[in-house]
Amino acid sequence: MRRLLAPLVLVLALLGAWELYADLGSTSPYVLPAPHAIAAALWDNAGLLAANLGPTAEEVALGIALALALGFAFAVLVHFSPPLRHALYPLAVGSQAIPIAVIAPLLVYWWGFGVLPKLVVIVLVCFFPVLVTTVDGLHAADRERIKLLRTLDATRWQAFRFAELPEALPAALSGARIALAVGVIGAYIAESQTATSGVHAGLGHEINADLTALQTPRAYAAALVLFALAIACFYALSLAERTLAPWATRQRGETP
Amino acid sequence: MATQLQSLGQPPSKPAADDCAVALRDVGRVFDQRAGVPLRALGDVSLSVARGELLAIVGPSGCGKTTLLELICGLQQPQEGSVASEPAALMPQRDLLLPWLDALDNAALALRIAHVARGEARRRAALLFAELGLAGFEHAAPDELSGGMRQRVAFVRTLLSGKPVLCLDEPLSALDAITRAELQGWLERALAREPRPTRPSRTVVLVTHDVEEAIVLADRVLVLSPRPGRVVAELDVALERPRVRTDEGVVALRERALALLAGARSDDA
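Going line by line, the protein sequences match chains D and V.
Heads up: the first sequence at position 148 corresponds to 148 in this note's numbering, and the numbers run straight through without jumps.
Heads up: the second sequence at position 73 corresponds to 73 in this note's numbering, and the numbers run straight through without jumps.
Keep in mind that the hints were calculated from the coordinates and are not lab data.
Predicted model only: the values in this text are computed from it and were never measured.
Do not take every clue at face value.
What the hints assert, rightly or not - Using C-beta positions, here's what the derived DEER-type ranges look like:
(1) D:235 x V:174: 34 to 42 angstroms
(2) D:142 x V:179: 22 to 30 angstroms
(3) D:46 x V:118: 47 to 55 angstroms
(4) V:135 x D:239: 32 to 40 angstroms
(5) V:252 x D:143: 57 to 65 angstroms
(6) D:143 x V:35: 21 to 29 angstroms
(7) V:119 x D:46: 49 to 57 angstroms
(8) D:238 x V:118: 25 to 33 angstroms
(9) D:209 x V:119: 24 to 32 angstroms
Note that the Cβ used here is the ideal one computed from N, Cα and C, for glycine as well.
Make the full structure from the sequences, and use the hints.
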């Protein structure tokens, strides 16, 4: 309970300041709606927002799962093969600089208006932190432990399985948390850049439509839902970390 | 290190004698340094360990003791001379227990690596846990164990490797004085559970910088000089077991060993 107090006070203070600033009338409600207007929009449009949350949550969950699997698999490949590391790393770094808008038409041309092109965008955005943290984690494994395993006649694969892999897991999970945080904004970018057929096209799509229609409070309400989604994902992963790598949490003392 | 006997550097040489578990001949090791002259860690070390013998190697820090053990275990190759040894397991100075395994899984690591099923591996480790006063701590994570317990788990892990030669690298140096005295008695019992002459099964090479510890535990003590390490003296410890630090014989031998160490140091200067 006490752990919740500080963030609660901070949020209330920020909301209060925001409300005052908006009510004083120095900005237009089309530019910055007051918190009470956003709350009303959230209440009035709960059904619509929930319907749009579905596709977005699906994109985020699948996209991040895919990014984690790919990032992890590539990290292991790169770890076992230094030439591959030299070949892949520059490309992986470069992939982070690709403006999604440039390749979005191609993705739609290939895969249409469904979920697939959006997953590709999210993977492009999220893959990198997982790759880098996992490669570094594998690389930082205690050499002495591996030496010890060698004296016990461990094969390369056994050294990986008993020492390097579990040792790299906390780092990989840190990468996963970064990926989660950017995954939600990745979904927004994906929805903005690749067109979607269907009534409820996702929160990102909804936000863009509302902004165009000057429905600013509803856009803010939708953004608030994205905000909550990101936080929920983050804490879900912290829970997973406690199950997957309990030794790491014990050593660090506490998860955030 | 999977090979039975390794003989490297020079034309294959079999162990000095048939009852010999470890034989080093004229072994030298030089480390390249980032800047300046190469560092000579070992200079012309020759030694042999009989099967079933407990040999202690003492010397000041930096005399290449750890290098010697890594040579015996095959983790390093000699640049000069030859090393021949029966398969040897290393108990490193740091216990190096894996934090993601519980105490029993850590102890059973060698069995798991040898593809023994987990349940069977744990069962066999548990038998030794009971003998070594670790009963009740099977499921403890390494960071929940005391330093002395961690060393004992690491020792069980070394034992369960099943190798005929055990290389112990300062197994007690990280412990406080009281735990250390306790563990010395325990180590002695663990290593010498049967009377020596009838127990040729385990050969032990113990490296330590503690002269008393060496004398209390070993059949024979080799004294190494500071860098580059050379054997400057050999002491036979023909004293009754069990021994304690305050035994007259132990004290006398300690004085001799310390004098030899001091001599080696001043020669070096």
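We went through each hint and held it up to the structure:
1. D:235 x V:174: 34 to 42 angstroms: Taking Cβ atoms as reference, residue 235 of chain D and residue 174 of chain V lie about 39 angstroms apart, which means the hint holds.
2. D:142 x V:179: 22 to 30 angstroms: holds (24 angstroms)
3. D:46 x V:118: 47 to 55 angstroms: holds (51 angstroms)
4. V:135 x D:239: 32 to 40 angstroms: At roughly 34 angstroms between Cβ atoms, residue 239 of chain D and residue 135 of chain V fall inside 32 to 40 angstroms, so the hint holds.
5. V:252 x D:143: 57 to 65 angstroms: violated (42 angstroms)
6. D:143 x V:35: 21 to 29 angstroms: Taking Cβ atoms as reference, residue 143 of chain D and residue 35 of chain V lie about 22 angstroms apart, which means the hint holds.
7. V:119 x D:46: 49 to 57 angstroms: The hinted range 49 to 57 angstroms holds for residue 119 of chain V and residue 46 of chain D, with Cβ atoms some 53 angstroms apart.
8. D:238 x V:118: 25 to 33 angstroms: Given a distance of about 29 angstroms, which is inside 25 to 33 angstroms, the answer is holds.
9. D:209 x V:119: 24 to 32 angstroms: violated (60 angstroms)
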